[in-house]
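*Asks:* The lines below spell out each chain.
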Amino acid sequence: MEILMSIVVGVLFMVGTYLILTKSLLRVILGLMLLSHGAHLLLLTMAGLKQGAPPLLGEEAAAYADPLPQALILTAIVISFGVTAFMLVLAYRTYKEHKTDDLDKLRGSADE
Amino acid sequence: MTVLHWVTIAPFLLAILVPFFYKFARPIHTGWFVFVLPVVLFIYFLQQLPVISNGGNILYTVPWVPSLGINFTVYLDGLSLLFALLITGIGALVVLYSIYYLSKKTEAIHNFYVYLLMFMGAMLGVVISDNLIVLYVFWELTSLASSLLISYWFHREKSIYGAQKSMLITVFGGFAMLGGFCLLYVMTNTFSIRAIIEQADVIVGNPLFIPAMILVLLGAFTKSAQFPFHIWLPDAMEAPTPVSAYLHSATMVKAGIYLVARLTPVFGGVAEWFWIISAFGIVTLCWGSISAVRQKDLKSILAYSTISQLGLIMSLLGLGSASLYYGYGTDTTLYTTATLAAVFHLINHATFKGSLFMTVGIIDHETGTRDIRKLGGLMSIMPITFTISLIGLASMAGLPPFNGFLSKEMFFTGVLNASQLDIFNMQTWGMIFPVLAWIASVFTFVYCAIMFFKTFTGQFKPENYDVHVHEAPIGMLISPIILGSLVVVFGFFPNLLAYSLIEPAMAAILPGILPEGQQFYVNIYHWHGFNTELFMTIGVIAVGTFIYLTAKKWMQLSIYLKERDPLNRVYDGSLVGLIKGSQKVTSLQMTGLLRDYFAYMITFMIFMFAYTFIRYDVFAIDTVNVAGISPYIWVVTLVFIAATLAVPFINHRITAVIIVGVIGFLLALFFNIFRAPDLVLTQLLVETVMVVLLLLAFYHLPELRKEKFTPRFNGVNLLISIAVGIFVTATAFSSLALSNSNGLEPISHYFIENSYELAAGKNMVNVILVDFRGLDTLLEVLVLGIAALGVVTLIKLRMTGREDV
Numbered sequence: 001m002e003i004l005m006s007i008v009v010g011v012l013f014m015v016g017t018y019l020i021l022t023k024s025l026l027r028v029i030l031g032l033m034l035l036s037h038g039a040h041l042l043l044l045t046m047a048g049l050k051q052g053a054p055p056l057l058g059e060e061a062a063a064y065a066d067p068l069p070q071a072l073i074l075t076a077i078v079i080s081f082g083v084t085a086f087m088l089v090l091a092y093r094t095y096k097e098h099k100t101d102d103l104d105k106l107r108g109s110a111d112e
Numbered sequence: 001m002t003v004l005h006w007v008t009i010a011p012f013l014l015a016i017l018v019p020f021f022y023k024f025a026r027p028i029h030t031g032w033f034v035f036v037l038p039v040v041l042f043i044y045f046l047q048q049l050p051v052i053s054n055g056g057n058i059l060y061t062v063p064w065v066p067s068l069g070i071n072f073t074v075y076l077d078g079l080s081l082l083f084a085l086l087i088t089g090i091g092a093l094v095v096l097y098s099i100y101y102l103s104k105k106t107e108a109i110h111n112f113y114v115y116l117l118m119f120m121g122a123m124l125g126v127v128i129s130d131n132l133i134v135l136y137v138f139w140e141l142t143s144l145a146s147s148l149l150i151s152y153w154f155h156r157e158k159s160i161y162g163a164q165k166s167m168l169i170t171v172f173g174g175f176a177m178l179g180g181f182c183l184l185y186v187m188t189n190t191f192s193i194r195a196i197i198e199q200a201d202v203i204v205g206n207p208l209f210i211p212a213m214i215l216v217l218l219g220a221f222t223k224s225a226q227f228p229f230h231i232w233l234p235d236a237m238e239a240p241t242p243v244s245a246y247l248h249s250a251t252m253v254k255a256g257i258y259l260v261a262r263l264t265p266v267f268g269g270v271a272e273w274f275w276i277i278s279a280f281g282i283v284t285l286c287w288g289s290i291s292a293v294r295q296k297d298l299k300s301i302l303a304y305s306t307i308s309q310l311g312l313i314m315s316l317l318g319l320g321s322a323s324l325y326y327g328y329g330t331d332t333t334l335y336t337t338a339t340l341a342a343v344f345h346l347i348n349h350a351t352f353k354g355s356l357f358m359t360v361g362i363i364d365h366e367t368g369t370r371d372i373r374k375l376g377g378l379m380s381i382m383p384i385t386f387t388i389s390l391i392g393l394a395s396m397a398g399l400p401p402f403n404g405f406l407s408k409e410m411f412f413t414g415v416l417n418a419s420q421l422d423i424f425n426m427q428t429w430g431m432i433f434p435v436l437a438w439i440a441s442v443f444t445f446v447y448c449a450i451m452f453f454k455t456f457t458g459q460f461k462p463e464n465y466d467v468h469v470h471e472a473p474i475g476m477l478i479s480p481i482i483l484g485s486l487v488v489v490f491g492f493f494p495n496l497l498a499y500s501l502i503e504p505a506m507a508a509i510l511p512g513i514l515p516e517g518q519q520f521y522v523n524i525y526h527w528h529g530f531n532t533e534l535f536m537t538i539g540v541i542a543v544g545t546f547i548y549l550t551a552k553k554w555m556q557l558s559i560y561l562k563e564r565d566p567l568n569r570v571y572d573g574s575l576v577g578l579i580k581g582s583q584k585v586t587s588l589q590m591t592g593l594l595r596d597y598f599a600y601m602i603t604f605m606i607f608m609f610a611y612t613f614i615r616y617d618v619f620a621i622d623t624v625n626v627a628g629i630s631p632y633i634w635v636v637t638l639v640f641i642a643a644t645l646a647v648p649f650i651n652h653r654i655t656a657v658i659i660v661g662v663i664g665f666l667l668a669l670f671f672n673i674f675r676a677p678d679l680v681l682t683q684l685l686v687e688t689v690m691v692v693l694l695l696l697a698f699y700h701l702p703e704l705r706k707e708k709f710t711p712r713f714n715g716v717n718l719l720i721s722i723a724v725g726i727f728v729t730a731t732a733f734s735s736l737a738l739s740n741s742n743g744l745e746p747i748s749h750y751f752i753e754n755s756y757e758l759a760a761g762k763n764m765v766n767v768i769l770v771d772f773r774g775l776d777t778l779l780e781v782l783v784l785g786i787a788a789l790g791v792v793t794l795i796k797l798r799m800t801g802r803e804d805v
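Protein sequences, first through last, are from chains A and B.
Numbering (our numbering) for the first sequence: 1 to 112.
Numbering (our numbering) for the second sequence: 1 to 805.
Here chain A stands alone, though its shape is the one from the complex (with noise of 0.2 Å):
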């Protein structure tokens, strides 16, 4: 299960990597995001995909779930969607005040 997952996390990676390197500004945010799905997902193979109940004491299982990385990743979530959010609107006012989202056109002028 975690090779396949570990395979998984591998092709977000790849493909979110792709994206940035491209010159549309929305495909590196859409690259970004995938490079975070990619980065939550590794968080919770690599604290081993073993079966158990979830880690809610209610369920009176004899083998829980790791709760610790489950909170990690719920943090990097959060944050990953501020970031996202923030920069999708900095894509929004950059495209509106410069009428492109050609990064290759979007650079400093010669003299600075």
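Be aware that one or more of the hints could be misleading.
Claimed, not checked - Taking lysine-lysine and the PhoX-like style, the derived pairs with C-alpha atoms no more than 20 Å apart in a straight line are:
hint	chain 1	residue 1	chain 2	residue 2
1	B	461	B	296
2	B	374	B	552
3	B	796	A	99
4	A	96	B	796
5	B	374	B	454
Hints in this document: simulated from the structure, not taken from any laboratory.
We have chain A; now place chain B onto it with these hints.
*Replies:* Relative to chain A, chain B alone:
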């Protein structure tokens, strides 16, 4: 703080007061206030003569940075006193001369005297300091003050060029020297020169010995304008003439000489030191004297002549260090002749070169030109200047009865003795020294003759000058007259300073050669009898005269057509090349494209990964849990991968939003499969909000364009992306295998056991978030708050009235 400390920093203190004198005592030339200080200091140093000449010394320490072994230690022995007397004595004469040379009405003389005093203090610090770091600080201050003085007329382009050049070259050497000092500290664990000299025999075998020596010599050679670092000196002639006379003939350029002499007891006695210093000195001597002949400007001639004379002194110091190899013995006195000649010529050169610069300044001041093609026939118009020049030039050419003759004879004795040494391979190469020395002396004679005859003899042509030519005012003549008389006095009474100054100086350069209680016995004769040296001098005069008379013919040689030193092309070329090269590197690497910087970072990361994997052979794969995956999970996984791979190919924004949403929701499904109910909730919620946000924003965002596919560009990106994917997967595999094999238990048992007992909650994830690790949550809330504020700011705030942001 003792008197000697105050003496060293007195020029700096006075320099602070100079602008006030300039502002509040306008009728009096500021130079008069400055003049007092070097005179007082000179008298102070004269009073130390009896102590020093009896073999004593003065040593005081004031702590500066004691924890690093850096103390302001002043140490006065024969060598320091000799230099201190030169600095203050010629300093006083130069200040006096400058009072008449620089007009208080048209020149910014307060700047001039501040820089000059700063230089004087720094130079005193260099020669009096016993601590290498303090010496270095003063050393760099002389470089700084020198550059400021060269660029005194800063509206002239050539002055700025000369100042920059001297700064670059001397500071380069200064840094190298600092490195050498640090290596000395590494070897001896002290910065004190005296303590290092005491350990001299310990460090000879050290592997750092040669690097330290070369670095220190780089400092000395750049400062003392030795080949090939001499090129800054001719361009430093853009400075006012008093500066040239003081810095670039008598004092600063001798700082390197001082350093070599001071450290001779440390490094001397080995073949490398002997050869490097002697060879560079003799090459500089020849190069300088040959180059001086082709100059058309009086100050340029003097600049190259200074270079060549410095080479002479340097080579003598190198040859004299051979006596350290022998130690005390009956032969030793034979080889110390070279050191004696070096010290004696040091004094002589300071006297005649100072006076020559001043007379050239007078000629420039009174005729408006220094070009020897325009000058001529000044003998009867400027009789006093003529007399002083005649004495100085005859002394420089090495003619009797002036002091230059004596030091030149001793120089010949030194090189002849050296050529008969049977150490350091001198048997095979020794004859080079007398031959080169003789050739250089011939050219020295020739340029002295050119300077003399072209300036003072021939027809006086008034139409060549813009001003009415007449003799200089008496005030301007006082200093050159004093220096010129010293040339004559030292010529007729060469032993005047022998006991009081030269012997202690030699004892400082070559300590431990003589048995306890004995002093060097110096006696300089005018008449040696008919020996080789005398015939060499006669040959110099004969051949020199011949060359001067036939000058018109061979001045057509290609090397003599160019006025500038060919080495300047190397310097200028390397500066231009450095600027162009760095611009090229910068423009190649700083493209301004975000994509390129991402690519650099990621590629570097990949190489680090690859290196670590290969170097430590850490790739491992643990196939324990591969089997037993249900078909349902396979389907979800394949759909997830397919959706992810589809994203780069989408060219419609709505489709992109939907596919990204699908990926997010599938991720939530994964969380569900892996038993993380809180994550499922959050992910679903966040993804929904995200999709809504994307849809809202996308309405205002541009349509996704089809990426133009160029094989090279996309190929490279594809390669980088695949490599990232592979390395992330490989790292995941390897660390999983590692965590399975190392048998470390997770700490989560604590949370599972205690979340109800300690925190009264059954949802472990929530308990961790708000109880066990509540601080994370607090700051995460802060992040959301800041993001929200940022979004509001971006949308609401508009700069108006400025650039359209």
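*Asks:* Now tell me if each hint is right for this structure.
*Replies:* Here is how each hint holds up against the structure:
no.	hint	in the structure
1	461(B) <-> 296(B)	holds, 18 Å
2	374(B) <-> 552(B)	holds, 17 Å
3	796(B) <-> 99(A)	holds, 19 Å
4	96(A) <-> 796(B)	holds, 13 Å
5	374(B) <-> 454(B)	holds, 9 Å
Against the hints set out earlier in the document, no violation occurs for any number.
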